[in-house]
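Under this note's numbering, think of the first position of the sequence shown as 56, with each following residue one higher.
It is worth saying that the hints were derived from the structure and are not from the lab.
Glycine is no exception: its CB is placed at the ideal position from the N, C-alpha and C atoms.
Among the hints, erroneous ones may be present.
Said to hold, decoys possible - Listed below are the simulated EDC-like cross-link pairs for lysine to aspartate or glutamate, each with C-alpha atoms no more than 20 angstroms apart in a straight line:
hint: 1; residue 1: K243; residue 2: E221
hint: 2; residue 1: K169; residue 2: E206
hint: 3; residue 1: K292; residue 2: E302
hint: 4; residue 1: K243; residue 2: E197
hint: 5; residue 1: K232; residue 2: D175
hint: 6; residue 1: K87; residue 2: E230
hint: 7; residue 1: K292; residue 2: E265
hint: 8; residue 1: K232; residue 2: E306
hint: 9; residue 1: K232; residue 2: E206
hint: 10; residue 1: K169; residue 2: E197
hint: 11; residue 1: K66; residue 2: E211
hint: 12; residue 1: K169; residue 2: E211
hint: 13; residue 1: K164; residue 2: D175
hint: 14; residue 1: K164; residue 2: E110
hint: 15; residue 1: K164; residue 2: E197
hint: 16; residue 1: K243; residue 2: D175
As the list claims (entries may be wrong) - Ranges of calculated distance between the beta carbons of each label pair, as one might list FRET restraints:
hint: 17; residue 1: R295; residue 2: V151; range: 40 to 46 angstroms
hint: 18; residue 1: V151; residue 2: R107; range: 21 to 27 angstroms
hint: 19; residue 1: R253; residue 2: G68; range: 43 to 49 angstroms
hint: 20; residue 1: E265; residue 2: S155; range: 18 to 24 angstroms
hint: 21; residue 1: P260; residue 2: A127; range: 28 to 34 angstroms
hint: 22; residue 1: F135; residue 2: E250; range: 18 to 24 angstroms
hint: 23; residue 1: N157; residue 2: G261; range: 20 to 26 angstroms
hint: 24; residue 1: G158; residue 2: E265; range: 24 to 30 angstroms
hint: 25; residue 1: P260; residue 2: N131; range: 37 to 43 angstroms
hint: 26; residue 1: R295; residue 2: A154; range: 40 to 46 angstroms
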Amino acid sequence: MARIIGVINQKGGTAKTTTSVNLGAYLAALGKNVLLVDLDPQANATTGVGHRLREEDFNIYHAMIDDSEPGALVRNTGIFGFNVLPSASSLAGATVELASLNGREFRLKNVINKVRFDYDYVIIDSPPSLGLLTINGLAASEYLVIPVQCEYYALEGLTQLLETIELVRASVNPELKIMGVLMTMYDKRNKLAREVVREVRENFPGHVFESVIPRAISLAEAPSFGKTIYQFDPQSKGARAYRDLAEEVIELL
C-alpha cells in the first residue's frame, strides 16, 4: 500500500512542482511504483511530465467531483513505474463545487484510496494557496515535504503553513507528519542562501532534509520540454540532488 506524500507550500516559486515531478521520477528510477497526483488547476506537474490537457479532457476534477474511476484517468510519463493523475484548468471550478459536497475535505483521499494499492508512493502536488484543494491534499497525505526557497523571506509563510498543518491535524488528519523541509534554489556562492539554510536548520532541528536542491538552469528548462530532470539532463547537479532526495525519502520511510 502506497505511502502518501504531500508536497506543499502556499507560497509560489518554491520549486514545489519541480520537486513533486523529480522526486517521483527518481523514486521510480530507484525501482518504486509511483503515482504523481496533480492537484493544481495550473496543471504544471501534468505538462512537466509531457501531457497537456484541454479543459474538457478527463482529469482529476472528474474523479473528485463526478466520482469517475481514477485508474481510468491515469497516464504514463515515459518513465517505467511513474504515472500521473493529471489536472486541467477545469479543476479551478472544483473549489466552488466542493464547498457544497458532503465530506468535502476527503474527496481526494477517497480518490487515492481507490488506487493506492497499485503503488509504493503517491506524491501530491498541491496548489500554491491554502484553499479547499490544498486542505484535500493535507487530508489525504501521511507525510509532508515542504520546499522552501533559499531567500530572505523563507521563514515568512512557513509559520502560517505550520499553523494550518496543526489545524488540519486537529480536525481532519491526526496522522499527518512533516517528513521535512526541503531547501531549494540554493546557490552556495550566495552568503544569504547559506545563512537561510543555517537559520532554517536551527529553527526546525531534525525536520530539514540533508539534500539541498541547487539553483540550476537545467531544472528550469526541463519542464518546457515536458521532461523530468532524469530524462532531460541526468548528469546535472539538479538531477544528482533529486536522486539524493529520493534515496533520503526511501530511507526515512
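So, going through the hints one by one against the coordinates:
| no. | hint | in the structure |
| --- | --- | --- |
| 1 | K243 - E221 | 33 angstroms, violated |
| 2 | K169 - E206 | 39 angstroms, violated |
| 3 | K292 - E302 | 15 angstroms, holds |
| 4 | K243 - E197 | 32 angstroms, violated |
| 5 | K232 - D175 | 18 angstroms, holds |
| 6 | K87 - E230 | 23 angstroms, violated |
| 7 | K292 - E265 | 15 angstroms, holds |
| 8 | K232 - E306 | 16 angstroms, holds |
| 9 | K232 - E206 | 25 angstroms, violated |
| 10 | K169 - E197 | 16 angstroms, holds |
| 11 | K66 - E211 | 10 angstroms, holds |
| 12 | K169 - E211 | 37 angstroms, violated |
| 13 | K164 - D175 | 16 angstroms, holds |
| 14 | K164 - E110 | 23 angstroms, violated |
| 15 | K164 - E197 | 11 angstroms, holds |
| 16 | K243 - D175 | 34 angstroms, violated |
| 17 | R295 - V151: 40 to 46 angstroms | 43 angstroms, holds |
| 18 | V151 - R107: 21 to 27 angstroms | 24 angstroms, holds |
| 19 | R253 - G68: 43 to 49 angstroms | 22 angstroms, violated |
| 20 | E265 - S155: 18 to 24 angstroms | 44 angstroms, violated |
| 21 | P260 - A127: 28 to 34 angstroms | 45 angstroms, violated |
| 22 | F135 - E250: 18 to 24 angstroms | 41 angstroms, violated |
| 23 | N157 - G261: 20 to 26 angstroms | 39 angstroms, violated |
| 24 | G158 - E265: 24 to 30 angstroms | 38 angstroms, violated |
| 25 | P260 - N131: 37 to 43 angstroms | 40 angstroms, holds |
| 26 | R295 - A154: 40 to 46 angstroms | 43 angstroms, holds |
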